[in-house]
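Asker: Order-wise, the sequence lines are chains A and B.
Mapping the first sequence onto this note's numbering, position 338 (from 1) lands on 338, and the numbers just tick up by one.
Mapping the second sequence onto this note's numbering, position 108 (from 1) lands on 108, and the numbers just tick up by one.
Hints in this document: simulated from the structure, not taken from any laboratory.
Take these hints with a grain of salt, some might be off.
[What the hints assert, rightly or not] Reference listing, derived: stretches of chain B covered by chain A, where coverage requires no fewer than 3 residues with Cβ under 8 Å from a Cβ of chain A:
| # | stretch |
| --- | --- |
| 1 | 36 to 42 |
| 2 | 118 to 127 |
[Said to hold, decoys possible] Cβ pair distances, simulated, as ranges:
| # | chain 1 | residue 1 | chain 2 | residue 2 | range |
| --- | --- | --- | --- | --- | --- |
| 3 | B | T17 | A | H184 | 25 to 31 Å |
| 4 | A | M64 | B | P22 | 51 to 57 Å |
| 5 | B | E66 | A | D317 | 56 to 62 Å |
| 6 | B | L107 | A | L387 | 40 to 46 Å |
| 7 | B | L10 | A | V302 | 28 to 34 Å |
| 8 | B | E66 | A | Q183 | 44 to 50 Å |
| 9 | B | H135 | A | E189 | 27 to 33 Å |
| 10 | B | P91 | A | H182 | 43 to 49 Å |
| 11 | B | D33 | A | Y246 | 27 to 33 Å |
Backbone N, C-alpha and C define an ideal beta-carbon position, used for all residues, glycine too.
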Amino acid sequence: MAAERTAVIGVGQTKYAAARRDVSMAGLLREAAYRALEMAGKTWSDIDAVIIGKAPDFFEGVMMPEVYLAEALGAVGKPIMRVHTAGSVGGSTGCVAASMVQSRIHRCVLTIGWEKQSESNAMWALSLPQPFATSVNAGAGGYFSPIIRRYMMMTGAPELIGCMVAHKDRRQALLNPYAHLHQHDLTFEQVVDSPMLWDPIRYSETCPSSDGACAMVLVDEAGGDQHPGPVAWVHGTAMRSESNSYGGRNMVSPAASEQCADDVFAQAGIVDRRAEIDAVEMYVPFSWYEPMWLESLGFAAVGEGWRMVESGATELDGGDLPVNCSGGVLSSNPIGASGMIRFAEAALQVMGAAGEHQVDGARRAVGHAYGGGAQYFAMWIVGSDKL
Amino acid sequence: MSPEVLQAPLVLEYPFTRSTGPVIGAFLTGLRDGVICGIRRADGTVLCPPQEYDPLTAEPLTELVEVGQAGEVLTWAWNGDPRPMQPFDRPFAWALIRLDGADTSMLHAVFAPSAAEMATGMRVRAVWRTEREGHIADIAGFEPVPPGGEE
């Protein structure tokens, strides 16, 4: 039996900011959830189940927040389920929410991801000493910088490719009213001259620390057909994972990343990935991950990803494969929401509802997230038309 | 003889903060000022402690109301052997207390001389700390109101 066709009919986001001290955690989620319901033309009573995702509990120090959030999310008397796959969780949560409809368990699902980074310190939360295990002790930047260096060595990428990505994403963020960073006068030279944090990652090549939530409403085929507004049809979802401690793994392009991409593109019937996809929202918390993921996801051959960046192919303005038109994770990073923002922004593109950062005529878009030590992967492909 | 091994403990700490929002924030601010707030639901009933969203309909709640500082014990459990972090250093009761003007109860401590002095339905009133900071412990606990002891 074929899976139920599933559509996104509502997307809601908060304005991403360093600190939303005016709202409780529940209040933050409500803002995004309410906006998604409003776009979907639904009320709380229309929702059959709530699927939520966030990064580790240590990030805010609220253990099992899903328990306390059930009332605020209208989940009393309904199923609520939390997904947890580190930084990729927003994407995985979208995949799980879609599966609830695809499997015909539910007809209308609210899904939401969030982080209130202002209430703690994610870098130190990631660096907690653990018994019988190696501590990261340097947050994510220190973990990923040697992997980036490896990519640069392998491909001969010029030193400033990362700065080009960062400057592009920060400029594109100016077109997205929800983006956290709106650096109107940021020049390429300023990106290059920003302090080196974890060689080769400069300050301006790393993501901010944001408070925010992102929500979506997903419905079955009948719900999608009846919806008067724009719809994004889910063409495929995939998740893969692998251990981060296996010495033989390819850390630049993990096998799980390549398998995840192969799976989702096959589901969507896509052969020429670069030609057939109109917009990509990929998880790029550190600038260099754009060329690295372009290659790992099969948009470019090995060693060609940085050339796509250099040629401007991934720019909203004139590129053939615009990447992170929303400004991406480099411009807004409420960690548990960041993956869902990628999925939601992909949906907005094929709905034609992305506003000033809309890719003209986008018909098919990719949402992508990764997490942990580049060991969890979640992707989806959405389209304007049914598959 | 085994060699001496250098040891140096390192304890990392980092802070958590909490944004309380307009409803819980108002409740906590009220406590600092010696006032107990509840919140009115669409059907007119009052939740105390207040909640931001209706527990049944999920609608946002905004109408804060002051409730009484005395109320009724709905149920209780005697704690004969208090631990160091608990609200009282002598035996006391944990109780669900429905304050006057509220329709729901909150958990707090009742300073009764013995379990024999506790009863479901008894009247109790808040005992405030003199130094208050906007925390549920600004109410030190509740004390029994003797019959005829209310104004």
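Asker: Hint numbers the structure violates, sorted upward?
Answerer: 1, 2, 4, 6, 7, 9, 10, 11
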